[in-house]
Amino acid sequence: MPQHAILNLVGVSKSYRDVEVLQPTDLAIEDGEFITVLGPSGSGKTTILRMIGGFTAPTSGQILFQGRDIVDVPTFQRPFNTVFQDYALFPHMRVVDNVGYGLRVRGVAKAEIARKVAEVLQIVDLGDKADRFPNALSGGQRQRVALARAIICEPKIVLLDEPLAALDAELRRSMQDFLKDLQRRIKTTFIFITHDQQEAISMADRIVVMNHGKIEQIGSPREIYRRPGSEFVARFFGENNLIPGIVEQNAAGEACIDSALGRVIVPRDASLAVGSKVVMAVRPEHIKLVPAGSTVSQSVAAEVRSVTFLGATSQIALTIAPQGNFAIRVSLPTNDFPSLSVGDQVVAAWAPDDLTILH
Amino acid sequence: MIRWSLVRLAVYGIPTLLILCPMGLFLLSSFWSMSGNKMSHSWTLANYRAFFANASYWGIYLQTIKLAGIVALFGLVSGYIVAYLIWRQRGPLRYMLLLFSVIPLAMNYIVKIYAMRGILGFNGVLNSALVWSGLLAKPSTMFVFNQTAVLIAMAVIYLPFAILPIFLSLERIPHSLVEASADLGAPPGQTFRRVVLPLSLPGSVVGGLFVMVLSLGDFLTPQMVGGSQGFTFGRAIWSQFGMAFNWPFGAALAVMLLLAIAIILIAARLLTRYRRTS
Ligand SMILES: Nc1ncnc2c1ncn2[C@@H]1O[C@H](COP(=O)(O)OP(=O)(O)OP(=O)(O)O)[C@@H](O)[C@H]1O
Ligand SMILES: [Mg+2]
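Protein chains in written order, with the working numbering: chain A, 1 to 359; chain B, 1001 to 1278.
Just so you know, these hints were derived from the structure itself, not from any lab.
The following residues of chain A were derived to be distant from chain B, with all beta-carbon distances above 12 Å:
no.	residue
1	60
2	175
3	329
Just the calculated beta-carbon pair ranges, DEER-fashion:
no.	chain 1	residue 1	chain 2	residue 2	range
4	A	111	B	1088	31 to 39 Å
5	B	1081	A	119	35 to 43 Å
6	B	1007	A	165	41 to 49 Å
7	B	1270	A	119	35 to 43 Å
8	B	1017	A	131	43 to 51 Å
By construction, the Cβ of each residue, glycine as well, lies at the ideal position given by its N, Cα and C atoms.
Model the full structure from these sequences, guided by the hints.
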């Protein structure tokens, strides 16, 4: 797996006139990793990718490829290839000519091009469409032509800007698997932009979460899921119950947080100043329901307000009893609770380790 | 239903009528003849026979087509260069330049021709410049009252008509294609040769043909800068209507010109048909 950084962004920023769309950003990308850049619309994902590809110049900072600054290297000399969101296939060229384009402009011999194109078309399963023009292909097929065209020159990094956004859900799934599989096979660094967190989780070795022109958090899908680094990440990345509270000290002198959930004991080492305001995040699937009257250390009495069947899981909305107006959501495997109906009294419990404290 | 059909009939019908009626009248009158000062409405092929029999009409016809072809070629090549340079600009400069290059379209035709006379004349700007630069010892009569003068004047006057369609056909190329080409390792020259040129060529050729059609029928420019040497088919037609008052023969000549234009337009149509876009 990842060995050493192939690409380093050092203080890279981008402004249009006086609007800073990317704040000075540092990012190290390891050789051979599948990295996804995740963020809402307008957060600067495409901007980062275009600067790596050389389509846009950064306002400041350095882009180091294998330690060398490539900011002044023109696009056509960078050893990266891009899969564009609109595919950008050449409409006047057949599939073979589109795919072979990168080799042709490098002056590779005809026979060699034909051999490689056939090989790559085999990989993307388009061997029988070689002589079609792009306008005679379906969206998924165009997608694969764009991919074939981008990998045929064996780039050091493949850049993908929401390549699956235009595909329907089923095709998307199979393309996700295909891409991931392909990346493992050719052992090439992929930088993959998406605004779909499910896609990011299922494909990435590491996820870069962006918001408002800056990186909010970088980590493996598991880390980001377990330990969101900010309220934004907690909200954007999967579902979370966000519970505001104030840091206090209990009788034993331990830090705890006074919140709608009652007094919550703080997990392990959180160094919190007494009196400071914090937000706790706990995922719906980490909350368990125990029968009313049970006494569990980390729990709160609640009333069932609604039950929504979602298939394998069900979503249960609870209101916390003493406050009466604070709602949390719980997600349970449908088979795990025989009968729950609106108005039932329950106790919601969680493990201290499943709480994340956000400052 | 009926009301809509009527509206549609009017929408398509009226312009068709306005265009086809005069043309039909032309076609009809080209089969008539003059007897004395009166038009005789009996059918005859005499006008066409006269055209094909008289080598000087034939000669002018072919020469004019050739002239218009050269003007179109000039419009295509230099129009492409200008349009391409404008297209390469970004930001406000781009549209400023485009505006400047098409402003002549809004200028009065006669003014433009007089301007060209001022440039091409014996004591004109072009001659002065050539003498001043030492390329010519004394002013040349090469640029005035001959076919060359007509050619240069038309080429300049019709250039904006080529620039606009060529610019539009460049503008239709998605920028991501240019980026994709660079991304795949093509230096700018190759991107131009392999992507930009092939994608913009059909539209540009249509622009050139447009210029050709315009210059085919032009009689004013040849009249004013061509003198007796710069006779063109447009002038031949004009003289039949305006001087000889032989309308049927003039109409037959006009029909021949129309035929040439129709062939050019069909060629343009075939060209655009084979253009592929996604
Ligand atoms: N050429 C430009 N001129 C001015 N502003 C720009 C330009 N290109 C991008 N921006 C701005 O930069 C910000 C970031 O854009 P970017 O395309 O990187 O967003 P994104 O994260 O890719 O969003 P999306 O998910 O919608 O594609 C946006 O606010 C956008 O309006
Ligand atoms: Mg984007």
